[in-house]
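Participant: Under our numbering, think of the first position of the sequence shown as 1, with each following residue one higher.
Calculated from the structure, these hints are not laboratory results.
Be aware that one or more of the hints could be misleading.
[Said to hold, decoys possible] Under the rule of at most 30 Å between Cα atoms (straight-line distance), these lysine-lysine pairs were calculated in the DSSO-like manner:
#	residue 1	residue 2
1	Lys121	Lys133
2	Lys133	Lys109
3	Lys109	Lys175
4	Lys121	Lys109
5	Lys99	Lys109
6	Lys102	Lys175
7	Lys99	Lys175
[Stated by the list, open to error] Simulated restraints on C-beta separations:
#	residue 1	residue 2	range
8	Thr112	Arg50	44 to 50 Å
9	Pro218	Pro127	21 to 27 Å
10	Pro197	His25	30 to 36 Å
11	Pro238	His25	25 to 31 Å
12	Pro197	Pro101	50 to 56 Å
13	Ser62	Arg177	39 to 45 Å
Every residue gets a Cβ at the ideal spot worked out from N, C-alpha and C, and that includes glycine.
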Amino acid sequence: MRFSWQADWMRYLQDERRYPENTLHAYQRDIDDYGAFLVQEATDAMPPSRAIFRRYLAHLQSRGLARTTIARRISTLRSYYRYGLRHAGADIPDLSWMKAPKIATALPKAITQSQTDDLLKALASAPIEGWQKQRDYAVLLLLYGAGLRLSEALGLTISDVPLTDWLRLTGKGGKIREIPLLPVIGVAVTAYLDQRPFAGPSEQPADAPLFLSSRGNPLGARAVQRRIEALRAAANLPSHTTPHALRHAFATSLLAGGGDLRAIQQLLGHASLSTTQRYTHVDTARLKEVHHQTHPRAKSK
Numbered sequence: 001m002r003f004s005w006q007a008d009w010m011r012y013l014q015d016e017r018r019y020p021e022n023t024l025h026a027y028q029r030d031i032d033d034y035g036a037f038l039v040q041e042a043t044d045a046m047p048p049s050r051a052i053f054r055r056y057l058a059h060l061q062s063r064g065l066a067r068t069t070i071a072r073r074i075s076t077l078r079s080y081y082r083y084g085l086r087h088a089g090a091d092i093p094d095l096s097w098m099k100a101p102k103i104a105t106a107l108p109k110a111i112t113q114s115q116t117d118d119l120l121k122a123l124a125s126a127p128i129e130g131w132q133k134q135r136d137y138a139v140l141l142l143l144y145g146a147g148l149r150l151s152e153a154l155g156l157t158i159s160d161v162p163l164t165d166w167l168r169l170t171g172k173g174g175k176i177r178e179i180p181l182l183p184v185i186g187v188a189v190t191a192y193l194d195q196r197p198f199a200g201p202s203e204q205p206a207d208a209p210l211f212l213s214s215r216g217n218p219l220g221a222r223a224v225q226r227r228i229e230a231l232r233a234a235a236n237l238p239s240h241t242t243p244h245a246l247r248h249a250f251a252t253s254l255l256a257g258g259g260d261l262r263a264i265q266q267l268l269g270h271a272s273l274s275t276t277q278r279y280t281h282v283d284t285a286r287l288k289e290v291h292h293q294t295h296p297r298a299k300s301k
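Between the sequences and the hints, there should be enough to build the whole structure, so can you do that?
Facilitator: Next comes the structure, spelled out in structure tokens:
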């Protein structure tokens, strides 16, 4: 089933909300799944029906989908119908009843300073070409040393170099933020550019991707994920050692060092302070663990 304003909605998400490609694909899959259900039910998308919605929710649950997946699918439906209400003149009086089941808030999983050191040591000894090693080192530093999302790091272009003290970045949802950079990050990126077997920055257009694969194509997120999976195995690191765990480590280290929550929110590009506040729970948990292990009275309680 094709919805009346679906194409306009997808263009809106891409051009105005600036959603990354993987998010757009997820939204497309979600709305297609809903459309297939409506065909099965021999009904239409308009007007949205509470009874049909309840049956769809039961349908998702019967398939054994995770609550997080169900929540995302319902969020997609709300986004679709809100767009219709605001931009396509759809007659939708109320959407307050379109709610997903509540899910427990998952705390971010960061890795420690020593685990990060082990990850970088594993990269240094990895059996890959030198320029690729330098490229991956630069990417990891952008995640851990500047708190970038993986999509943001891989979205950097030649126009962003040389990296100096500050990076002006357009992140998730088209939000622009200024990020201070450690000198080591700029040095790592420059070393990568000097070593890679492709045309130098001055010979490429400004919008050319900064990080390239061995074939000269834009470096993909999956390639970075696979590299970290291999390094994780080599260094015997926990399963939550992922690209995003490095971003979490950046945030928790700032918080542990007394960083202001609002400032950390701006650095990470979080739309809501509540998202950043999750890191306070991570830090509290770490402090409790330290207390339990070191306080002379902790084990007597």
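Participant: I want to verify a distance hint. Is the separation of the beta carbons of Pro218 and Pro127 within 21 to 27 Å?
Facilitator: About 24 Å separates the Cβ atoms of Pro218 and Pro127, which means 21 to 27 Å holds.
Participant: Tell me if the straight-line CA distance from Lys102 to Lys175 falls inside 30 Å.
Facilitator: holds, 28 Å
Participant: Does the alpha-carbon distance linking Lys121 and Lys109 stay inside the 30 Å limit?
Facilitator: Distance of about 21 Å is within 30 Å: holds.
Participant: Hinted pair, alpha-carbon criterion (30 Å max): Lys133, Lys109. Please report holds or violated.
Facilitator: With Cα atoms ~25 Å apart, Lys133 and Lys109 stay inside 30 Å; holds.
Participant: Just to be careful, I want the Cα atoms of Lys99 and Lys109 compared with a cutoff of 30 Å; is the pair within it?
Facilitator: Roughly 27 Å between the alpha carbons, so the hint for Lys99 and Lys109 holds.
Participant: Is 50 to 56 Å right for how far apart the beta carbons of Pro197 and Pro101 are?
Facilitator: holds, 51 Å
Participant: Lys121 and Lys133: Cα distance at most 30 Å?
Facilitator: holds, 11 Å
Participant: Lys99 and Lys175 were given as a pair; does the straight-line alpha-carbon distance stay at or below 30 Å?
Facilitator: holds, 27 Å
Participant: Could one say that the CB atoms of Pro197 and His25 fall in the range 30 to 36 Å?
Facilitator: Holds - the Cβ-Cβ distance for Pro197 and His25, about 32 Å, lies within 30 to 36 Å.
Participant: Given the hint that Lys109 pairs with Lys175, test it: the Cα-Cα distance must not exceed 30 Å.
Facilitator: Answer holds: Lys109 to Lys175 is near 24 Å, not above 30 Å.
Participant: Tell me if the beta carbons of Thr112 and Arg50 are separated by a distance inside 44 to 50 Å.
Facilitator: Since Thr112 and Arg50 have Cβ atoms about 48 Å apart, the given range 44 to 50 Å holds.
Participant: Given a hinted range of 25 to 31 Å, is it respected by the beta-carbon distance of Pro238 and His25?
Facilitator: Between Pro238 and His25, where Cβ atoms are some 29 Å apart, the hint holds.
Every hint from the earlier list agrees with this structure, and none is contradicted.
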